[in-house]
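Heads up: the sequence shown begins at 1 in our numbering, then just goes up one per residue.
Keep in mind the hints are simulated off the structure, nothing from the lab.
Treat the hints with caution; some may be incorrect.
Pair by pair, the computed Cβ-Cβ distance ranges are [stated by the list, open to error]:
id	residue 1	residue 2	range
1	Glu168	Lys128	56 to 62 Å
2	Gly41	Lys140	19 to 25 Å
3	Met146	Ala54	23 to 29 Å
4	Lys70	His165	57 to 63 Å
Here the structure is a predicted model, which is why all the values come from computation and not from measurement.
Glycine residues also receive a C-beta, built at the ideal position from the N, C-alpha and C atoms.
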Amino acid sequence: MDGFDRNEWSNPSGIRILVGNSGTGKTYLATALGIAACRQGYRVRFWRVGQFVAELQEAQNEHRLSRLEKQWLRFDLVVLDELGYVSLSRPASELLFRFVAARYERGSLIITTNLEFSEWPQVFGDQKMTAALADRVTHKAHIIEMNGESYRFRETLRRQEALKHHPETP
Numbered sequence: 001m002d003g004f005d006r007n008e009w010s011n012p013s014g015i016r017i018l019v020g021n022s023g024t025g026k027t028y029l030a031t032a033l034g035i036a037a038c039r040q041g042y043r044v045r046f047w048r049v050g051q052f053v054a055e056l057q058e059a060q061n062e063h064r065l066s067r068l069e070k071q072w073l074r075f076d077l078v079v080l081d082e083l084g085y086v087s088l089s090r091p092a093s094e095l096l097f098r099f100v101a102a103r104y105e106r107g108s109l110i111i112t113t114n115l116e117f118s119e120w121p122q123v124f125g126d127q128k129m130t131a132a133l134a135d136r137v138t139h140k141a142h143i144i145e146m147n148g149e150s151y152r153f154r155e156t157l158r159r160q161e162a163l164k165h166h167p168e169t170p
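Based on the sequences and whatever the hints tell you, model everything.
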């Protein structure tokens with residue numbers, strides 16, 4: 001995981017993309033990195049993408065998007081979790097693109113996603129905007145693939161196996 005141990009949180013090129021199957025620890029790692037950055041004195045904000053886009057849309061509807069954009073820039077690190085779990089409308093995609101473009105040169109960003117880059121157009125609905133977004137986030141990014149079996153699934157199998165060998169008695 002080159003780059004994570006150097007605490008380059010406020011480095012403008014500090015983009016990390018955690019890509020992988022569900023249950024492989026992407027959110028766990030992103031959260032741990034955010035906590036580590038907080039302990040080092042960095043300002044960190046964590047959003048699930050759906051929640052974040054809803055906040056952006058609300059701010060836009062209430063004509064306070066510019067104020068919210070200024071708040072973004074105060075954070076040294078922003079974590080956007082679960083990109084790709086929900087498809088976005090065109091206006092929502094444009095707002096997310098605007099945010100990523102603003103963060104691109106001004107602050108660190110961690111994105112977690114279960115989608116390969118080739119699947120991003122399904123989320124954003126626009127091939128050109130998706131290409132521009134992927135171009136920005138991958139340009140200086142550390143991309144970490146976290147594929148494998150879901151740890152939640154493994155735990156379930158272990159519990160079931162343990163119950164077979166040690167059934168509970170009433």
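Hint by hint, here is what the structure shows:
{"no.": "1", "hint": "Glu168 to Lys128: 56 to 62 Å", "verdict": "holds, 58 Å"}
{"no.": "2", "hint": "Gly41 to Lys140: 19 to 25 Å", "verdict": "holds, 23 Å"}
{"no.": "3", "hint": "Met146 to Ala54: 23 to 29 Å", "verdict": "holds, 26 Å"}
{"no.": "4", "hint": "Lys70 to His165: 57 to 63 Å", "verdict": "holds, 58 Å"}
Violation of the numbered hints given earlier is absent; every hint is satisfied by the structure.
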